[in-house]
Structure formats: C-alpha cells, structure tokens
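K.L.:
Below are the chains, spelled out letter by letter.
2 protein chains.
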Amino acid sequence: MSDLCFMTVGELSRLIRQRDVSVREVMDAHLAQIDRVNPRVNAIVTYLPDEGRKQADQADQRLAKGEIPGPLFGLPVAHKDLVVTRGIRTTWGSPIYRDFIPDQDALIVERLRRAGAITIGKTNTPEFGAGSQTFNPVFGATLNPYDVTKTCGGSSGGAAVALACGMLPIADGSDMGGSLRNPASFCNVVGFRTTAGRVPRWPALNGWGNLSVEGPMARTVIDVALLLSVMAGPDARCPLSLPDPGTNFLQPLERNFTGTRIAFSKDFGGLPVDVRVTTALEAGKPAFEAIGCIVEETQPAFTEADEVFKVLRAFSFASTYADLFRTHRNQMKDTVVWNIEEGLALNALQVGQAEIKRTALYQRMIRFMDTYPFMVFPVTQVPPFDVTVPYITEIEGVVMDTYIDWMRSCYYISVTGMPAIAVPCGFTPEGLPVGLQIVGRPQDEMGVLQLAYAFEQATRTGKRRPPAAE
Amino acid sequence: MSDLCFMTVGELSRLIRQRDVSVREVMDAHLAQIDRVNPRVNAIVTYLPDEGRKQADQADQRLAKGEIPGPLFGLPVAHKDLVVTRGIRTTWGSPIYRDFIPDQDALIVERLRRAGAITIGKTNTPEFGAGSQTFNPVFGATLNPYDVTKTCGGSSGGAAVALACGMLPIADGSDMGGSLRNPASFCNVVGFRTTAGRVPRWPALNGWGNLSVEGPMARTVIDVALLLSVMAGPDARCPLSLPDPGTNFLQPLERNFTGTRIAFSKDFGGLPVDVRVTTALEAGKPAFEAIGCIVEETQPAFTEADEVFKVLRAFSFASTYADLFRTHRNQMKDTVVWNIEEGLALNALQVGQAEIKRTALYQRMIRFMDTYPFMVFPVTQVPPFDVTVPYITEIEGVVMDTYIDWMRSCYYISVTGMPAIAVPCGFTPEGLPVGLQIVGRPQDEMGVLQLAYAFEQATRTGKRRPPAAE
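Those protein sequences? They're chains A and B, same order as listed. For the working numbering, count along the first sequence from 1 and bump the result up by 69. For the working numbering, count along the second sequence from 1 and bump the result up by 69.
Just so you know, these hints were derived from the structure itself, not from any lab. Please read these numbers as outputs of a predicted model, since none were measured by experiment. There are no misleading hints in this set.
Where chains are identical, the list cannot tell them apart; a pair therefore holds if satisfied intra-copy or between any two copies.
Okay, derived cross-link-like pairs now, SDA-like style, lysine to any residue, Cα gap no bigger than 25 Å in a straight line:
#1 K426 to E410
#2 K426 to N275
#3 K335 to F437
#4 K426 to N416
#5 K123 to R88
#6 K123 to P138
So that you can see chain A by itself, here it is in the shape it has in the complex (with noise of 0.2 Å):
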C-alpha cells in the first residue's frame, strides 16, 4: 500500500504541484489499491483502469506543457451510480438498467472534471439508491471495510467504502434520507449534506425539488471543503441554486468558537439509540466544551419531521418512478415497490398538508438556533450491523414499522434543509465506527465546516485507525 493513497487532497495536490510525485504515479497507487482491497469490499463496481492511466498520462503532459493545474487536478474520483455519467455505465443499483449508458454528465461530475479530477468508475448504491445500506441485484453489497461481516450503510456506500480503504481521495455523494451522512458514519470518513442549491443538481426531473441534495465526501473536513468548493456554485440549470461561488468556501476553516452555544443531543429527544453510540458521543462531548463552546443537552421538539418525511419521500418515489413502476414494477425491490405504492395512494392535500407541517417545524428549529446556532445529534441510531440484514426492525427494544424508520435520526435533518456534517466520533468496543453529526442554520455551510473542523483537530489522536480490510 502506498502511503500516496492516504494523503490528506492538500498534501497530495502539493506533490503533484511540486512534480514531486506525477499524476502517474497517484493514479498507478490507487489503482493498485482498488485491486488489492475492492475485491474483499465491493465498493468500485465499474472500473476504469486503462482510462484512468491514459487521463494521467495526458495530465502528466499537459503540466509538463504549462498548464495551471485546477483544485482537484490528477486525483482519481469515482461517482455514485445515481449520477449520469457520459459514455460510462450508470444503473441505479437496477437490474432495468444493467447495461445502460448515458448520453451526458451530470453538473456534478463535469464539474469535478473541470477542476482536473479523473474518473475511474463508479461506486456502488442500493437500488435506487433507497434505504441505507448498499445491496444491489446488479452488483451485490459493498462491505464494511472495519468488518466485512457489516454493512457500510448507503446509500453513498460504495464512495465511503472507497474512501475509507484509501481507494479514492475525494468522492460524491447525495442524501435524501441520510445517504451521504450514514455510510461516512459508518466507514468512519466525511460526508457533508449541504442546502437545496448548495450544490446544483442537473439534470433533476424535478428541479425545484429540494429533499434530495449532491454532496461531497472525503477522509477529512479539509478535503471536503475543497470539494465542495468545486461542487458549489449557481448554474442556471438547477432553478434552487444559491448564487455564492463555490470558491467561499476554500476560506480558512479555523475559527474560535469560545463561548458558542450548541444544542448535544444524544437521542433527538427520545428516539431509541443504540447504547454503542450514545457511549461514543458521550466520548465527543468534551471535545467541544475543549474548544470553548457552551454545550448544553437539548434539543428542539421534531413532532412533524417523521411524519413529514414519509409523505415527501412517497410522493419524491411516485414521482420518479410511476412510468417505470407501470412497465417493470417485478424487476425492482420491495421497499422501492412499497415506498412507490406508498406514494400512489396519496393525494394531493397531503402533500400540501406535509409542506405546511414541515414549514412549521423549520420555523420552531430557526427560533432554537437563534439560541444555539449548532446543534450535535447522533448520525445513525445504530452502529454498523450485519450485511445480510436488508435494514434494522429494533432498536433497544423498538419495533421499526417501515423499512426507513431506522434512518430517523438523518432524515429528521433532512426535512428541516438544514446543512449536516458527519464526522467520525469514536469506535464501538468491537471497533466499528460511530460519526457524529453537527447540523447548522440555513445556508451556513461555513459554520457548519469551521466547527467539524474544530472537532475534528481536537479528536485528533495521532495514528488514525485504519479500517481491518484496508
């Protein structure tokens, strides 16, 4: 393994700037690294080696030539298999689309070609991206590298994995749900669902819709940050865009937060966790009062989100999928056929009734966060569990009606289109991780890096656990 497939973005984009190392040669590492561990974790599952070695090499020429290298010049990515990309394989996780090819890149993904990333594949999702943990009839699971007996969430599984196993240095994500949130928590990586506009989405059936956001992942809150520097920005196909440059958030991410007060909740004010987890925040817990913020237990009341999100969910799954439900409703999965027909059964007044619910808890959370402008709640309720288990029905003595409640503690966020980092906490005793998530106001991205960072520095304890598989 080289120590090439580890570095932090700056450290790597350094050398190659430095033509201390060639994109060559960061590209030949982490190829080398795909083949020695992705067999054992499933995460890369289209593959573009030769591709990748011959976009190198002209990269190689093109600094050799002059050329002033962009933010993510020569770093191998790989997108989710929920983004369309040009000539290259994309299926949703969906038998019905095993062999489809795409005619045009996604926003996101031209963007990261633009600023010099190369793409290597795709990563893998469960079906339609739907429910947290990543399985898929076209390509199996993705394994959780810190065991390969547990999943490693979803449905950005494939890219936390990927990360995680120093497979690639940066990768995207999306979140409708919790999924660039649950996977990093459970891979011990970074993922970062931002605001609606935040990171444009093209092309988008509904391009007002706002449930679903693209987001970037990474080992670290730095590198995020850079990534996110790329992916933001406004382009006039995504009518949602927020018009800042993306380039605002390559600021500085130290920031002193003496005397900030941040709302610590450990269980969202009665949701059942996980005693492995809520062990793990406890650990965080002073990292914050380290840095100097005032950490109180508490929490504003979530009465509407469940509610909330599973008729917006519905509706966003009828939507998408009712012409494909018509013509092949028996080559999709269960949950997907259940949450589509959940969706069917609605009427439009439920819908409505839904936003108005959802305007009404977003109006309590901005009233709380004019006290406390951050609140830390747990990412997932569970830690990693076992892969051949499709999704959670318990937890501490709870039943799980639907195959999304288990999610709660991400799509709670979800609904309020506040922004929501997770960053890696801590270790269950068995040495499976557990991420913490900081949620911020509207559009306070920033705020919400700044402090991730700051934790992240003071959680900071030398060697960093490195994942069994890796």
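Using the hints, position chain B against chain A.
P.N.:
Relative to the frame of chain A, chain B by itself:
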C-alpha cells in the same frame, strides 16, 4: 393636488433629507390626495390618516435630532390586504376575515417600516387574491383611474391604483399568476415579479412554496429598484432566501444594451391577444432597437405551461384553504370554491408530474435564453375591461374555459420562475393603459431592471398621461 404626490421617490427623499419639506407635509399631501381621489376609485380600503400624521411628526422630530434617514424615510405606504399587519385589520378580501386583526407584521411590512416608510393603511385585493380583477364582498371593487367603468386588474389592484393616482409613492404586492404585473399594466405603473427567494416571504404556510412571490410596485423603474433594495435580502425564516444583500439593487441602472438579443413575442406563439394590445406593443418595439438591442420576433415553446400552472395553482389553493373550506365554504366566492375543489380532486402523482413538466419547460427556457437573455411579451392579453365583468370569457373569438385562462400571458411566466417586470408601454385608442412584460434569466433581477429602465427612458415622451380620476 400637490406636486409632492407625483414625484419619484428619489426627488421626494431629497426634499425630505434637505429639509425642504417636512415628512408631515409629504404625509398631508398624500392624505389630501387620498381624501380627494380614493372615494372615486376605492383603492385604499383600510385607512389610518391619524396614525400617519402622528408618525410623520415623530419622523420629523427624529430627523431634527439627527437620525440618519433610512432609504424610504418618511414615505407613506399602504400594504396589500393579503399581508398581515400587526394591529391593523387584514381581510384577504374575505368576509370570513372582515374583522381580523393580526398580532404580527409580515416580513415585507417589517422591512418597509424599518427603512422608514409610514403605514397609512391597506390596499384592496380580490377575495384571497384569486383572479386578476379587484373586487370582493368586504370592500367592493377598485376602479381603474383611467376609466372608472373599467377594472384596475389585480390582485394587487388597490396598490396599482393608489400609485397611479398619486395616493402613494410606493406599494407592495404579490404575484402567483400575474398579480404584480397585470394591475401595473392596467394602471400605467410598474410591477416586478422577482425570483422566488429574492423577497423572502414570512409568514408563509408553505415556506418552500415558490409559485407566489411578494414584490415592489411604483410609478418608475428606478423607484421599483429602490423599493426592491429594501425588500430583498435573506431572512432565516424563509428557507428559499437568496443570500445577496438587497443593497445590490442600488447600483446604477444605466447599461449599454448594444447588440443584446431580445426575443419579442406579441402572442407567446399563439395566444389570442386583443388587437389593441398588440398594436401598443408593436409601437413599443422600436424603443428596444433605439437602445441598440437586436430584436427578433420569436419565443420558446410554452407547451407545458398551462397544465402545470393549473395543477400547481389548484394544489396551492387546496393546501392553503382546505381547513377554511370545511368550515366556511358558503362564505367563499364560486371561483375560489372551484379552485379549491380542483385541488382537492388531485392526487399526489398529478402534482409530481406537473413539477416534472415544469422542469422540462424550465430547461427549454434556459437553453432559449442562452441566445436571448431577455424576452418581451404583452403583460395581459386584453386591455382593462368592464368592472362588472368578473373575468374574461373570450379573447378575439377564443373561448376561455376557466376564470384564470385569460391570465395566461402572465402565468406562463410564473411557472418558469423567471423574473418579469411590467412597465408602461402605451395606451389603447380609448386611452386605457397597456403594459409590456420584460422577462430575464433566473435571479437576473438587475438585468431586467436595467432593460426596463432603458426602455422607460427611450419611451419617455415628455409629459406623463395622468389618469382621469386623479
């Protein structure tokens, strides 16, 4: 009639700041104009002259003590009767709320007040703002000052008439299907529908709703820009807030449009338009050429716009009024009942499919506007019509099926989410005002204001044509 009643905001503010006139004098002039003209047109329906005089005197005292005046210091304003005003009756034009007195101010009211404007009442609107004709059972109809047998349009009808008659220098309005633009067109003033989030809405039942926007109305483009500078800018209570500061709109409006390509369409590619409107529009066309634009008669295809708007409007009505409908249906006008029932009959999938079609339309518009950054259309397909007619049922021989069909030239633009301004263009042979609609790229309010300003300057013909009722 005092000259003070027809000055621009800039002129009026200068006089106040230089203490050439007192705020009280400005107030008295406008109150006198209201007392003289309003009984003939019924624009201001809740009227607080004593409060206006009191606050004017206080403003003069504060100015004498050295207070730095805000951008709207000392200007009288009245708010559309769809926005809540603390301690001031707010009826929505509905007998259900005949005596309703809110306990909070809408954000837009709060911002105008903080900028120094003085509230002297509320402006008339159709019942629940439904239909571009301003009449309701609480206050009756608002009449067109250019011919009091005609409608002033709506739903921001009271605002437009108050401006046209010199009863107010500035006003606020709102626009789902044309309510800032249609009354501006019918009354020879300026109304600006901006991108959702440019003027944050609060309170709003559905904070993420983006079809209805609030915005500025005035007699000139530069006054509208100044008013927008106060109304715009983010507020955490509105999740769609665009982050740019409102002060951006204080930049000069002068711009060289030489070589700018403009799509000019008299009929949206096939809508029936009254020949008096197309004639006025044709007469306005050379002004765009005079300022250097390349004007081409073309338009994008608005294929999905009609269905999309009708579904989303019905969805919005059902969501907003379902509870009230159950308890007070017999106190609602037929068209509102119809619109709610249309919405209650929708299923969620129909709403989702409308959003998908809307996105397809948006993407086509964006591509079209890569070539033509601005589009020019009629505001309304007909000139002001008889005030006893609740809505238009036929245009140039084409039958309108619903009460909103005749508003297509406005709501086709609403569904795209693009900024659109209505500016005075000319008059019919009978002397009725005809407006022209300039549409710009999403979030490009500044470009729209600049082009509208250039058009206004190019068509300024010396003396303004005052309304007969003035």
